[in-house]
Amino acid sequence: MDELRIGDITLASRLFVGTGKYRDMEQTRAAIEASGAQVVTVAVRRVDLAKKDAELGRYLIEKKYTILPNTAGCFDVETTLRTARLAREMLGTPLLKLEVLGDEETLFPDVPATLEAAKILVKEGFVVLPYTTDDPITARKLEDLGCAAVMPLAAPIGSGLGIRNPYNLEIILTRAKVPVIVDAGVGTASDAAIAMEMGCHGVLMNTAIAGAKDPVLMASAMRKAVEAGREAYRAGRIPRKLFATASSPLAGVIGSKQ
Amino acid sequence: MDELRIGDITLASRLFVGTGKYRDMEQTRAAIEASGAQVVTVAVRRVDLAKKDAELGRYLIEKKYTILPNTAGCFDVETTLRTARLAREMLGTPLLKLEVLGDEETLFPDVPATLEAAKILVKEGFVVLPYTTDDPITARKLEDLGCAAVMPLAAPIGSGLGIRNPYNLEIILTRAKVPVIVDAGVGTASDAAIAMEMGCHGVLMNTAIAGAKDPVLMASAMRKAVEAGREAYRAGRIPRKLFATASSPLAGVIGSKQ
Amino acid sequence: MDELRIGDITLASRLFVGTGKYRDMEQTRAAIEASGAQVVTVAVRRVDLAKKDAELGRYLIEKKYTILPNTAGCFDVETTLRTARLAREMLGTPLLKLEVLGDEETLFPDVPATLEAAKILVKEGFVVLPYTTDDPITARKLEDLGCAAVMPLAAPIGSGLGIRNPYNLEIILTRAKVPVIVDAGVGTASDAAIAMEMGCHGVLMNTAIAGAKDPVLMASAMRKAVEAGREAYRAGRIPRKLFATASSPLAGVIGSKQ
Amino acid sequence: MDELRIGDITLASRLFVGTGKYRDMEQTRAAIEASGAQVVTVAVRRVDLAKKDAELGRYLIEKKYTILPNTAGCFDVETTLRTARLAREMLGTPLLKLEVLGDEETLFPDVPATLEAAKILVKEGFVVLPYTTDDPITARKLEDLGCAAVMPLAAPIGSGLGIRNPYNLEIILTRAKVPVIVDAGVGTASDAAIAMEMGCHGVLMNTAIAGAKDPVLMASAMRKAVEAGREAYRAGRIPRKLFATASSPLAGVIGSKQ
Amino acid sequence: MQLEVNGEPKEIEAGATVRALLTSIGLGETLVAVERNGIIVPRKDHATTPLADGDRLEVVHFVGGG
Amino acid sequence: MQLEVNGEPKEIEAGATVRALLTSIGLGETLVAVERNGIIVPRKDHATTPLADGDRLEVVHFVGGG
Amino acid sequence: MQLEVNGEPKEIEAGATVRALLTSIGLGETLVAVERNGIIVPRKDHATTPLADGDRLEVVHFVGGG
Amino acid sequence: MQLEVNGEPKEIEAGATVRALLTSIGLGETLVAVERNGIIVPRKDHATTPLADGDRLEVVHFVGGG
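Order-wise, the sequence lines are chains A, B, C, D, E, F, G and H.
Quick note, in the numbering used here, the first sequence goes up one by one and the last residue is 258.
Quick note, in the numbering used here, the second sequence goes up one by one and the last residue is 258.
Quick note, in the numbering used here, the third sequence goes up one by one and the last residue is 258.
Quick note, in the numbering used here, the fourth sequence goes up one by one and the last residue is 258.
Quick note, in the numbering used here, the fifth sequence goes up one by one and the last residue is 66.
Quick note, in the numbering used here, the sixth sequence goes up one by one and the last residue is 66.
Quick note, in the numbering used here, the seventh sequence goes up one by one and the last residue is 66.
Quick note, in the numbering used here, the eighth sequence goes up one by one and the last residue is 66.
Worth flagging that the hints you see were computed from the coordinates, not collected in a lab.
Because the structure is a prediction, the values reported are computed rather than measured.
Note that the Cβ used here is the ideal one computed from N, Cα and C, for glycine as well.
A portion of the hints provided could be inaccurate.
Once the Cα atoms are required to be at most 25 Å apart in a straight line, the calculated BS3-like pairs of lysine-lysine come out as [claimed, not checked]: (1) Lys64/B to Lys44/F; (2) Lys123/B to Lys44/F; (3) Lys64/C to Lys10/G; (4) Lys123/D to Lys241/B; (5) Lys241/D to Lys177/B; (6) Lys213/C to Lys241/D; (7) Lys177/A to Lys119/A; (8) Lys213/D to Lys241/B; (9) Lys44/H to Lys10/H; (10) Lys177/A to Lys123/A.
Simulated DEER-style distance windows between Cβ atoms [claimed, not checked]: (11) Gly15/F to Glu78/B: 39 to 49 Å; (12) Gly92/B to Leu242/D: 26 to 36 Å; (13) Met1/A to Pro50/E: 24 to 34 Å; (14) Met1/A to Arg175/D: 44 to 54 Å.
Selected chain A positions facing chain B (Cβ under 8 Å, derived; list incomplete) [stated by the list, open to error]: (15) Arg29; (16) Thr174; (17) Gly252.
Make a model of the complete structure from these sequences and hints.
This is the structure in structure tokens:
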């Protein structure tokens, strides 16, 4: 059985999906289901006192999804820590997608702040899955701090650019001893397949599905793409060559002399 | 129902697989089945008088695969025509994968010879699916000659390089009125997904599956990749952007002033 | 001395420039001069009976440029041959840039027509430099027909996409015994440098210079880029590696223990 | 005049070269001269008590090169600061290429340590040019700390991979108010040209020149490539298009009807 | 007394507990979490934790995010 | 009489038909096709097409190919 | 007599040579080339080649091109 | 007295200055820089800065680097 272990969770699906930006709860439900994901990310936000609604959380719990709360929207260590603790209080589980953002324009992580927050949260018992740049040094530091996985971005959040630097990702994969999950930047199915073919252990995405014209169909595409990429990785692809190699035998063609 | 029509054949699967280079008949069978392909290519070769064996043909017919005989190994028009006619005589159906090769090192098509053979074979009633370069002019000529599809190469046969020139392929796709099937050069699952995401109508491959370390698993990967790419194409991917767009709401974070 | 021989011409500059699309004759002159090119392409067109003007031809002859007339705009063999013969009559020299175009949208060559015209023109004594696709089979046929060089396109004429398929170009370069000159598709300086670094013997361009905001400055850029690419090719670049190699010594840093 | 200002230095050449890894002093001299560089990087190392030799420093001072000492080889803030101060004491000028490395395998910077060292050194009056990842957040922080330029890596030091992530670099360029100099990763001339065409203000390299088979010829190639890329940037390249645009007029071809 | 709840002023009777606050807002206790002056109030303590005038409270739940 | 079958010489009795040839090789008639001197011999004519001395025959079937 | 020059009708006196035609158009003989009914008229023959009624002529020169 | 220079032990007469150390090594004062126990000794102070037993010195110059 080809399963992924993160902390003490064992997963058959390597696709992690977000729940933001869907048209409505019905579309959210249909897309998540079509994606086959077992782990689903959510954000922690103030209850809108005017129209409080816990429908999303209730649904995910009822359907037994593994909820992965994030600290999206946090731009400093303090807010990040408080948001993380609120998430744990709400859910009773220590799983956390750590994000400490650098600015709104790029939504790239703030590297020193992410490291600082990771250090504290690991000590507090969180199972930390940090969103990070594709910098191999930062990835290693996060691993050394005790993070349960590292989650380098493929490209800016919501950009749809795909894996912009496979070289850095390959260095991270070569060196990591924890799972490497590509987080952010996937645009279409082949992007997810490429990540898995490189040996990534999973892919996390939200906008690529929720922002597609048909999110439910795209969710299905992503499920198949992640599975295809993983199977291709395990199956061992053919080497790349400049010249051709025949697939049909060249001998035995009619008219040839023996 | 998202089906592909070529000539008067209607297909649910957009993956076309070859039957060359497998370890044995058992592996051939398992890989073809795992690929989900409905159309299967075969070569036409002299019966080896010492050890004649029609197992492959019998199996494909029994399992109701659509057999697509090729003219692989033919380097001139005359041999190509004779091979095509023998294939039709054997099978009783006019479907033909036309290949007239330029040389053994590249296995690229001989463009003028391919055009000449296509012209004659279409007139003789064949349903011609020609292997061609990614030259948009040649693709159009083949279409104008009455070919049922055009099958540009992604890269040299067996090279595993993937779609080396998406620009030419995109020009062909923009202009073609017959199905465009990428034939040759696919190396791994994402290559197939990319072809489908570009709007190709199908992908034909042999070495990428048969040459993988685990051909049956790779066949499954390819099946999913082609479906993923097709679904992503139909689902309408998000646009590419240089900067980020948040997937979690930026408002409602704790600690912020209203 | 690193010179290029084509037919019996010996060239110090490996940049070939067109003369179309400039604002006026003055800009044409300044750009050609800044490019350092020795070979300059021109088109053959009917004298406009209303405003005949031979200024371009006179200038090029006076400045001792090697004039390379083209058959641009010809879409059939007959018109191509007649245009070629008129060019030779006008100039008294057999140098010819052969173009037989497939259609106006792509301006890709018509491969069979190009081969047919090349065969006839070589027999008539022309020194034929054919514009062709990046198909290695066609390139070899043109060479076998006696062409003095082969000139594969990098991308569609005027598209500025650069070398869209370095793999095909590399196959052509590996096999060719005549000079390989990239013709069409260059967009900016690095595109020209890349072609030369791959081992191409020259680059021919027009729109990339004439269509730039400042054509004279771009001409200078192209001159330097072609020289830079050629020198880099001859100098022997470092190999590509995934990991780092220090350029400063790692020993002798202060504070370290011996 | 197209000049580059960094701190209060004004430069005509935008190529910065290192002095490591040459065969001998003679080759060092010839390569630096051929590169046309005005700024030359050096490392600070313990005098070897057995064979002390100040030839390099003497030569650079005599030839009036602007010496840019680096802190290469430093893996912690303290050693970096001490090395920087020693360099300033030796040279009497505050120019500094700041490197705080993460590990020997990647030679990627340690981002938090680089930020910390930059902060201190700027306060001490150094003109700090920091080597950094291509992370736009870190680049902005370095700028905000008062660095005189930012120097993102294109790829690992000595890897020769070229600009592996033009997207990140483009984001940095869009936002930076100080010069952006690509430092590390260039492999050949076109890599340098591409950096300059993107709008980078300079390129710093060592291994690409010193490690070439013919370093002096490669130095000349790099000089021309940087100039070519800069001129192309200033000249304003043509837009990229999928389809063709003729460079020769399509009207006036012989044989056509009016 | 006067509280600040999610950045907005809110009036509540003196001596109210966290649970009372949640009830007054119309929230149950599942799927929300409460922070009082920067410190989490565990769910089990909601009923026994009195609020004080000037307390700053954050009451959060899950929303769609990626 | 002497034939050339798939590029190799083959001796067969005079007057033999295509079907006889196939039988002598040990082949049935399904899943093979026969060309005689460059012209297809349709399956339905195998039994009635006599061979002649010096005939060049191609007998083909399907093999794995891509 | 009536000629077609570069796709347009042109009237010229009977018996005119190629050179006369070029002169009448205002062209010298350098840097142009002439084709008459699909065949090149070499420059050295311009003065001695008479035109005939109905001749189709192409008179070309170089223009900017790539 | 005993110094550590560039990580290696070095014996020098008591009361020697930085300049004396450099001279004893065979170095001039240009193009080198000296750090004593982690603090730069400016060139102008070389002649007047006495060394003490156990001092750790770093004496550096420029080498090729990138």
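Can you list which hints this structure breaks, lowest number first?
Those not satisfied are hints 3, 4, 8, 11, 12, 13, 15, 16.
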